[in-house]
Structure formats: C-alpha cells, structure tokens
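Asker: So the protein lines, in turn, are chains A, B and C.
Residue numbering for the first sequence is 1 to 351, as defined by this note's numbering.
Residue numbering for the second sequence is 352 to 684, as defined by this note's numbering.
Residue numbering for the third sequence is 685 to 1034, as defined by this note's numbering.
Don't read these hints as lab results, they were simulated from the structure.
There could be a bad hint or two in this list.
Simulated crosslink set (EDC-like; lysine to aspartate or glutamate; CA at most 20 Å straight-line) [unchecked claim]: (1) A:Lys219 - A:Asp165; (2) B:Lys595 - A:Asp138; (3) B:Lys595 - A:Glu94; (4) C:Lys968 - A:Glu218; (5) B:Lys486 - A:Asp64; (6) B:Lys486 - A:Asp317; (7) B:Lys595 - A:Asp64; (8) C:Lys968 - A:Asp211; (9) B:Lys599 - A:Glu166; (10) C:Lys731 - C:Asp758; (11) B:Lys580 - A:Asp64; (12) A:Lys65 - B:Asp412; (13) A:Lys27 - A:Glu218; (14) A:Lys65 - B:Asp576; (15) B:Lys580 - A:Glu196; (16) B:Lys595 - B:Glu577; (17) B:Lys430 - B:Asp412.
Below, each chain spelled out in residue letters.
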Amino acid sequence: MTETESSSVLSVRDLMVHYPTDEGVVKALDGVSLDIQPGQTLGVVGESGCGKSTIGRAILRILDKPGQIVGGEILWNDPEKGSGSRPVDLTAQEPNGPEMRAIRGGDIALVFQEPMTSFSPIHTIGNQMSEAITLHQDKTAAEAKEWSMELMNMVGIPNPPQRFDEYSYQLSGGLRQRAMIAMAISCGPKLLIADEPTTALDVTTQAQILDLLRGLQEKNNMAIMLITHNLGVIAEMADEVVVMYLGRAVESGPVDDIFHQAKHPYSRGLLESIPSVLASGRERLPSIAGSIPHPFNRPSGCTFRPRCPSFIPGTCDVNVPQYLALGGGQQKVSCFLHHSPSGVEEVSSHD
Amino acid sequence: MIAFLVRRTLLAGLTTFVISIVAFLAIQLPPGDYATTYVENLLGGSFFNTASALGDQATEDQIRRDLGLDRPVFIQYSKWAWRVVHLDFGISIEHGRKITEIVGQRLVNTVLLALGTILFTWVLAVPIGIYSAVKHNTAGDYAVTFLGFLGLAVPDFLLALGLMWIGFAYFDLSVGGLYSPEYLDAAWSFGRAVDLLKHLWIPAIVLGTAGTAGLIRILRNNLLDELAKPYVVAARARGLPEWKLVLKYPVRMALNPFISTIGYLLPFLLSGSVIVSVVLSLPTLGPVLLRSLTNQDLFLAAAIVLMLGVLTVIGTLISDILLVIFDPRIRLD
Amino acid sequence: MIDSIPAMDGTILEVRNLTKHFPIKRGLLKRTVGAVKAVDDVSFNLKQGETLGLVGESGCGKTTTSRCILRAVDPTSGEIMFRTADGHEVNVATLPNREMRPLRREMQMIFQDPFSSLNSRMSLLDIVGEPLLVHGMTNRDERQERVAELLRLVGLRPEYMQRYPHAFSGGERQRIGIARALALHPRLVVADEPVSALDVSVQAQVINLLMDLQEEFELTYLFVAHDLSVVKQISDRVAVMYVGKIVELADTAELFTKPRHPYSEALLAAVPVADPRLHRKDRKLLEGEVANPANPPSGCYFHPRCPYAQDVCRTETPVLSEVSPGHFASCHRVQDLELTGIVQVDGEST
Ligand SMILES: Nc1ncnc2c1ncn2[C@@H]1O[C@H](COP(=O)(O)OP(=O)(O)OP(=O)(O)O)[C@@H](O)[C@H]1O
Ligand SMILES: Nc1ncnc2c1ncn2[C@@H]1O[C@H](COP(=O)(O)OP(=O)(O)OP(=O)(O)O)[C@@H](O)[C@H]1O
Ligand code: SF4
Ligand SMILES: [Mg+2]
Ligand SMILES: [Mg+2]
C-alpha cells in the first residue's frame, strides 16, 4: 500500500465498468485509478462520455442498468475509524445490502446536475429531506424537520418553514440545487460526490453554489469529488485534478501542475481549446482535431492516438501506455512521450 | 385548484347538455315522430294498410297534442329533458314497457360488472406491471410479456366459452348469468351479494384480460421511464431500500395516466362486452342496446346512450378530482 | 412598408424599442392578469459583417429577442428595420407573413440543441436541401450538388449525404445545422446558444468554423450565449441583458476590461477562469436571484441585487445612454462608479 493510498478516504484502483448492450459492450471505465484525500477537492475533468458520471455511480453502487463492475477495487477508508482499520472494498458489497445503503447517503453523498428533476415532483422538498435524515440518523419526524430547516438555513435558502412544504418546481434552479446540497450534507458525509453540480446554472448562481460548497467543505472537513467538464470551475475549486479520456485517467496531479505544466497531449489540447475571458478575443482557438471515438470503436494502443498531434507511429498504436508517476512526483501521466513502452521514464524533451 | 375544479364541473355540465341534445335528436331523426311510430306500432307496422292508417289519423293527432309534439322543438326538448331529469325516459316501442323498468336493473348490473372488471384488472396489472418493470429484461419479465400478448390475442368470447366449460366441468358452478335463479328477482341481501360474486368472476376475467394485458404493458413502460429519472437515482443515492423507493416515487408517478382513464372505462367495457354478454347471457345493457339499435327502438337506444354518456362524464369528473388529489402540480396550478 | 434609404453606414439591422409581452392567464375564465415582459424596450443595431454577442442570465429574454427578429414570434411593439440585399429597408416587426417569405432567405437561425433541432427521419440531403427546395430549387441534381458544397464548407464529407442525423456526434450535428442555415446565402445569422451543448474541444472547432464562414461570406451574426468566454471569443461588440432590457452595450474588449454597469461587473466576476493561480476566491459575489419578468422591481430592475444602489435607483428607471463613444450603459451612477472588469496584469488578473 503506497503512502497516498493509506491516507486517502477513497482509492479507486483499476476500476472497470462495462455496459453490455445489444450492439456491444460499452467499456465506460477501462481501468481508472484515483485517490481522494480527506478534506480536499479532487476535480475530475473530461469530455462527454469519458465515464465521469459512471465513476461517481460505481462508487455509490448505483450504476444504471446494465452497468456492471467487472474489475478493480474501490477502497473506502472511513477517516473516523482511525488509521489502524482496514479499508472496505465497496466493489465487494451487495449493491442494495444494508452496509452499502448505510454508506450511501450517510458517509458518501451525491449531488448531481439536474436540479430540475432530481426531486420528485409530487413530494415536498421537506418530505424528501426528512426521509434522508430519518433513514440514517436516530431522529423523530419532528427532529428531522427541525434539522432540515436548519440545513436550509445553512445553505442559504430563505424562509425554510415555507420552503419545507413546497414542491421542487416552485423553486428556482439555484434554490433547488441548494436544497439538493442541503439534503446531501444532512448526514455529515465524509465524501461528497458532486457530478456537474453547476452545469445547468447561470454563472452568477454557479459562483454562489461553488462558494457554498467551499464553505461547507471547510466547516465539515469533507472531501469533495467534483466532476465537471468546465476547466474554470476545476481551477477555482480543486486541490488535485484527474483528466479522463475514454474511460481512463490520462493525467493527474496538483491543480497548479495540471494547469501550468500539463504533460499529456490531451490535457494540453483541452486547456488550449477553452475560450477564456482572459484571451484578447476574436482569434482562432487551437482545437483538438477530430472527435471522441464511438464507444464500440476504441482505438488500439493509446486511445487518444487518432487525435494526438505527437503520435509516435509504431509505438502509440501498438502499446498501451502505463499510468505512472513522473520523476517520483505527484503528477501521473499515461503517455509514451514520458514513458517507454516498458514503463521506464523517458527523459522528457517534449515539455 | 378551486378554479380548476369549477372549470371541470362546468365542462361536465356542458358535455352532459350536448349528449342530451344528441340523444334527443336521435329520437327525432326517423321520419315521422313518436306519434306516427306509436300508431304504426299499434297497427302492427303495416305501411300498406292505408285505410286504417287514415282512419287513425285522429288518434295520432290526439297523441301528438297530448305529448306536445305540435310545439316548437326547443319546447319539446325542455319537456323531454324535464322528464328525463325525473328519470322518465318514456316507453320502449318494442317492449311496450317503461324504459326505466327495462334498463334499471341492467344498468346496476353493468356498473357492478364494470367495477368488478376494474378491480380485477388493477389488482392483477399493478403488481405484475411493477414486477415486470423492476425486473425488466429478465426471464420473469419475458414470461409476463408473453402471457400479456396471449391475453391480448385470445378473443373474449373464446375465453368466455373456455372459462364456462372449466367452471362447469371442474367446479360444478352454475355458469352464465349474474345470479342464480333463486336470487334473480329477489331483493338485495347478503346471500344475493355472495351469489353475485360467485357469478361475477367469469365475466370479470373475460372482460378484464385484454385490459389487464394492455395495462401491464403501459404500466411497465411508464415505470421504466420513471425509473430512469434523476429523482429516482437521487433517492437511491440517499440509501433508500429499493422496494420502498420504487413504491414511494416512480409507481405513484406511473399511476397518474391510469387515473385519468377511469372515465373512459365504462363505455369501453360496454361496447366490448356485448358478445361476451350474449355468450354468458349476462343481464347487462350491452345486448339491450344492440337489439334496440337493430330493431330501431330509438327511444330505448337514446336512453341508454344518454345514461352511459352521463356516467362517463361523472367518471371523468371523478378521475379529474383524483388527479388533483394525487398530483400537486395540478393542484397548485 | 418599404422605403429605400441609402446604405451609407453599413447597418444591416436596426432594432428600435422592441417589446414582447407574453400574457399571463389565470382564474376561472383564463383572463389575462398580467404580462411577462420578456423583452422590454430593447434597441441596438448590427453592422454588416460584425458579430454582436447577446449575454445574460437564463430567462432575461435573449431567445425571445432573436425570435422576434426572425419573426418566429410577433413583437408586441417596436421596430425591426432590416436592410435587404437590394438596398431596401423593411420593418420586419409589421411585415405581413407573405412578404416575410423572401426575407427568410436572408435571415437564418442556428439552434442550441443539435439533437432535437434536426428531424431524425430526414437524411442530410433532405435536411440541408429543404430550404433550397422551399425556395424554388426543384432540380434534384442541382440541389444535391449544392448540399455537397455546403457539407464540404462546414467540414463534413459529402458522401454522408444519405445518412440520418443519429449517425452523427453533437459537434457534427451542429455543423449540419450550420450548413442548413447557410444554404440560401443568408446575410444575417441569428445563432441561439450554438455551442452551449457541445464539448469543449468541439466547441472550439465550431467557433472557429463560424468565424471562418463569417470572413468568407461577410456574414453578420447575432450570437446569443450565456457563456461570457465564448462570447468574448467571437464577438466584436457585446450587449448585456437583464430582465428583458439591455443594460450595457460596448465593444468587446472595452466591456470586458472597463464595464460601466454593475451587473456586467458582477457577471464578469462570476465567470470561472481556468487558472488556479488567480486566487479569485475572495471576489464579490452577486446575491439573490434574477427578478421575475412578470413582476419586475421598481426603478432600476437590478437595484435589489446591486451593491451600489441608492435611493434614486429604487424609484427611477435609468435609460440606456452613450457614456463614451459606442459605449452604452443604463445606470444612474454610471458617472461616479469605478468598476472592475477582467484586468490582465502580466498574464494575471484580479
Ligand atoms: N445505462 C447505460 N447503458 C449503456 N451505456 C451507458 C449507460 N450509461 C452510460 N453509458 C455509456 O458509458 C459511457 C460513459 O458515460 P458517462 O455517463 O459516465 O459519461 P460522462 O463522462 O459522465 O459524460 P457527460 O459529460 O456527458 O455526463 C458513455 O459512452 C455512455 O454512452
Ligand atoms: N411562449 C412563452 N410564453 C410565456 N412566457 C414565455 C414564452 N417564451 C418565453 N417566455 C418567458 O419570457 C422570458 C424570457 O425568455 P427567453 O427564452 O427569451 O430567455 P433566455 O434569455 O433565452 O433564457 P435562456 O438562457 O434560459 O435560454 C422568460 O421569463 C420566459 O419564461
Ligand atoms: S442604476 Fe443603481 S441599482 Fe441600477 S445598476 Fe446602477 S447603481 Fe445599481
Ligand atoms: Mg455525466
Ligand atoms: Mg434561450
């Protein structure tokens, strides 16, 4: 067990998730690894379909049908149990068994993109919040109601007694997302998985929600796994970043390293292609050629090869690059520009 | 919400009014009027016996005056409507009896049969539909789907004959009809109710099978849609046990479309039940309606259509009210 | 309503006092009890070949404004003066539908959602060729040739002509939408959030494509978006909308560096910047929520959220006025406020 692994709340090791469909098997996760440290924010970026949501759901064991974990480990290391305890492998749990259900919503909570539809339209906000509370805590209905309203206050929902009895469609998008967050933190989770929590919101509301998450993190010392395709959000929120491409992590490291010394051609391309308010405007954006391959049509060797400007014929299309640390540092990358096919680090001149 | 209910009630009133006009016009439709028809009937429907027809001109005029048929149409309509409101639908030409007498008991039977069928359909379809959706694409789901198609494909009358034979041959039940002979004309009592239930199951199964199969399919598909919605994922992520989750959230949502169809069940069952009623010799409205139409007994036909129309309107109103209770999105509109 | 005026200043579109109210119906008889002021007295103009970006929070009326310009909805009042290719100026707002028809060749729309805006039962040839057919190109071979040309133009292979939209990715579908919009050689293209649904890498490709096409055909764009960085990338000028009104309009660089309206300042402060070294964590955040366009606040619509609001802001409605050449803002305090935009200091900013 490496050092990072032993200190992390959650370590995902070579996780593989497949969706067998009529047309073929979608290898949504194809050996992804990542670590989340207590109290820190791990940003997970990548384009649509690279498997970001699938990781979040695999951790909670609520994969959509027909998704299956076919390999790897998800090690949950409850920080309250002390360093002596052994981590629990979530992949070995029964998805709907009592252990997993206690972790789900209790220790690990989920907030996701659609604030519009993540509440049942025919139950009140209060009903759904109290449900989460009474499920994991020894509270009566009245106590749960009281705690719900306190949480609403905490996340900045004005007039909780009124909101408690309202339905989700009576709230604006921003308030709904706040309610969602209030519900997620209701049982004091040690890890919050936020899957595109602000993608459907306006910039001003997004800034408010991010601010709220940051404040709650500080107060409750909870780890956040922030899934998004918005690199700006990552830059402002994350301590560590994982860049994903086609079901694998291609690069990871401290946020500053990723934004200022990205090593993988995909991470670099992604960073260059985003329009920025800092840019001088009206100029062509460098863009990554081509588009993401069809999930049934994964390229051989390095999956980024067909779009890669630094493609090395004879190497990148034959061998699969390993995901290795650079120079013993915290940054990891999976690319032949930095490792030989045998896994030996190249003296990198491609910086 | 009040506005919604008031609007719906007004609409129901309006619909009833329109139906009554249609029924009234149906009576007016054939050449001549009640008086001519009545006299013709008295004379054995002989069109060629002009002498006696002429001779009875006086009688005819007399009847016409008595019934107010020489007055303008809207006055005739109001008089007719007034009588209808007091449950006086006139006299059946074919049977020569008061229509309420002919129809009354049969209407009650029809409604009972409809309720029985709905009950049978729901009790069977709801759990099976839920099972089928939650376990979708499993052997169980396929089996249910196959049986469902079978249920849709087998003609009702065949099923009726089959069930009658089984009931008769293996269970020694008196099949056919809704009551045993000793209860046929008896007043309502506990014994009669039990007897009714003993008879009701065969027609309820026969009439309900196709509907059940259809309902299972609809419920399964609705539920599959609902199960994929983010709020279900959110509830699951909260750690809710699966069965509790399914019953509390998606099932309630998936039932909404059913509630809104309650109103249409009655006319649907009636038109579908004619053959079955004949085969099983059920004393319901279906066969009477059929015969009144073939025999051009339009007074009877119009009365039945009117009653069914009104019952449908009431059914729709009830389903609207239920929807309002079940779905806050309508309630708070 | 056609009166020819000289095409001196190169203006292709002039919108004056455009207003669109959607009635709110309530109660037993569905009486009109009020109106959603979706677009409220909006004025701006567009020069041939330029791109005007239209930004603002959800529900501020961006889509409604663009739909009014194309007469997809009828404006409540106001004028939309469009200069046609042959030099006439027509008021689109009041033109009878029959006379709108020839104009539709010159004004086209690109939609946000590349998934639902294409008919899944039509092949690319039919989708891109439909406007050609509608406007009289009945010869099939001729149409096929033009469609092939259009597909090449937007970077799709003409061989794909017989395929159906589901066989394409989001970015490719958006290209199909663009090809379709360009089929009739439009002069004005209204693009409503054309890249919002796309992935970042594809977003860059589509933005580049739009800029290339603009150069090649001297297209004029009204570019609606809520993403300020995308707007900055493509626009020459930017208009900021808040609750149905334009609150600021200026050259792009100027608006981003020296905003004159507190709302623009707040929007800029909220944009996340992809640089962890900026440490913008202590910036001021806008509080509260967008006002309800059915029941806007008194005075300046922004006053309940504005950190600079004074008494006058609560009672009097500010007007959009020119504060420096080409820079318009509607704020009572426009003269005495020093607002911050995105400042670049040695590659860093605040
Ligand atoms: N229920 C499912 N059945 C089949 N394939 C699925 C299912 N859910 C996801 N996939 C496939 O798995 C892959 C990863 O999907 P996932 O939703 O994790 O991507 P994502 O990175 O979250 O994308 P986005 O940014 O669009 O949310 C995709 O190719 C997707 O098509
Ligand atoms: N057909 C309609 N009927 C009634 N109200 C409408 C209609 N269309 C739009 N509105 C209202 O008008 C206002 C402006 O809507 P519009 O779609 O123009 O906003 P937008 O700026 O395009 O928002 P978004 O960024 O969400 O697309 C909103 O309050 C909206 O609810
Ligand atoms: S007018 Fe007043 S309230 Fe409105 S933006 Fe200016 S300072 Fe703020
Ligand atoms: Mg996702
Ligand atoms: Mg819009």
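Asker: Would the pair A:Lys219 and A:Asp165 pass a check requiring their Cα atoms to be no farther apart than 20 Å?
Answerer: violated (28 Å)
Asker: Can the restraint linking B:Lys580 and A:Asp64 be considered satisfied, given a maximum Cα separation of 20 Å?
Answerer: holds (11 Å)
Asker: Would the hint linking C:Lys968 and A:Asp211 be met if the CA-CA limit is 20 Å?
Answerer: It holds: about 11 Å lies between the C-alpha atoms, which stays within 20 Å.
Asker: Take the C-alpha atoms of C:Lys968 and A:Glu218, compute the straight-line distance between them, and say whether it is at most 20 Å.
Answerer: holds (19 Å)
Asker: Assess, step by step, whether the Cα of A:Lys65 is no farther than 20 Å from the Cα of B:Asp576, and give holds or violated.
Answerer: holds (13 Å)
Asker: Given the hint that C:Lys731 pairs with C:Asp758, test it: the Cα-Cα distance must not exceed 20 Å.
Answerer: Violated, at about 23 Å.
Asker: Are the Cα positions of B:Lys486 and A:Asp64 separated by 20 Å at most?
Answerer: holds (13 Å)
Asker: Under the criterion that the straight-line Cα-Cα distance not exceed 20 Å, is the pair B:Lys430, B:Asp412 satisfied?
Answerer: holds (18 Å)
Asker: Decide if the proposed pair is consistent with the structure: A:Lys27 and A:Glu218, CA atoms, cutoff 20 Å inclusive.
Answerer: Distance ~36 Å between A:Lys27 and A:Glu218 Cα, so the pair is violated.
Asker: Decide if the proposed pair is consistent with the structure: B:Lys599 and A:Glu166, CA atoms, cutoff 20 Å inclusive.
Answerer: Since the Cα atoms of B:Lys599 and A:Glu166 sit roughly 18 Å apart, the hinted pair holds (cutoff 20 Å).
Asker: Under the criterion that the straight-line Cα-Cα distance not exceed 20 Å, is the pair B:Lys580, A:Glu196 satisfied?
Answerer: holds (16 Å)
Asker: Checking one constraint from the list: CA of B:Lys595 to CA of B:Glu577, max 20 Å. Satisfied?
Answerer: holds (15 Å)
Checked against the numbered hints given earlier, the structure breaks hints 1, 6, 10, 12, 13 and satisfies all the rest.
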